[in-house]
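Residue numbers (the numbering used here), protein chains in the order written: chain S, 1 to 97; chain F, 1 to 97.
In short, the hints are calculated from the structure, not lab data.
You may find that some hints are simply not true.
Remember, identical chains collapse to one label, so a pair may be satisfied in a single copy or spanning two.
[What the hints assert, rightly or not] Calculated pairs, SDA-like style, for lysine to any residue (alpha carbon to alpha carbon, straight line, at most 25 angstroms): (1) K11 - T69; (2) K11 - Y67; (3) K38 - W53; (4) K11 - L52; (5) K33 - N20; (6) K33 - H77; (7) K68 - E9; (8) K38 - E9.
All of these numbers come straight from a predicted model, not from anything done at the bench.
Protein chains: 2
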Amino acid sequence: MTAKLTDAERKADLAPLLANGWTKTKGRDAIEKTYEFKDFVAAFGFMTRAALWAEKLNHHPEWFNVYKTVQVTLSTHDAGGLTMLDVKLARKMDALA
Amino acid sequence: MTAKLTDAERKADLAPLLANGWTKTKGRDAIEKTYEFKDFVAAFGFMTRAALWAEKLNHHPEWFNVYKTVQVTLSTHDAGGLTMLDVKLARKMDALA
Numbered sequence: 001m002t003a004k005l006t007d008a009e010r011k012a013d014l015a016p017l018l019a020n021g022w023t024k025t026k027g028r029d030a031i032e033k034t035y036e037f038k039d040f041v042a043a044f045g046f047m048t049r050a051a052l053w054a055e056k057l058n059h060h061p062e063w064f065n066v067y068k069t070v071q072v073t074l075s076t077h078d079a080g081g082l083t084m085l086d087v088k089l090a091r092k093m094d095a096l097a
Numbered sequence: 001m002t003a004k005l006t007d008a009e010r011k012a013d014l015a016p017l018l019a020n021g022w023t024k025t026k027g028r029d030a031i032e033k034t035y036e037f038k039d040f041v042a043a044f045g046f047m048t049r050a051a052l053w054a055e056k057l058n059h060h061p062e063w064f065n066v067y068k069t070v071q072v073t074l075s076t077h078d079a080g081g082l083t084m085l086d087v088k089l090a091r092k093m094d095a096l097a
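Next up, chain S with everything else stripped away, as it sits in the complex (with noise of 0.2 angstroms):
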């Protein structure tokens, strides 16, 4: 769960990922995502949403808000990479936006 993505989980659970919006991270093995809300209060009440989920994986994004604008980057820090965790954790974060 926590070794980093092998090349064939690039290609079946990163690449649909990389198509919906989510991008590479310059310099890391991460991989970010920009949402856009109506404002702070929908902002806000998907970030309380995923921290829920996040808590729940034990698996916790870097992420930067202000007003209704959520930047999310993910990486699994004890992997030293991307794993499976931030893939469960990002198509989470996809279906709760």
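Fit chain F to the known structure of chain S by using the hints.
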């Protein structure tokens, strides 16, 4: 309320915040502070309580969270710098943290 802080207000209202862990942001008329909590639940709990106050004040922070750390930057976009809204939100955040 949304006028930039006067020199007198900076002495009376901003100075106590700068003595309490807030610092001036480089290159902007803004203040910032990094809060450290016990864990993600504590950090996001703080953010949730602060978010309710931010919405109530109709004044929102720029903030970055990773696990138990929350970095906050406050400034008033409409005024192009620090106003009493930032002072109020900073005081409230310190009280909540």
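Practice prompt. Output the numbers, in ascending order, of every earlier hint that fails for this structure.
Written response: Per hint list: 1, 2, 4, 7 and 8 violated.
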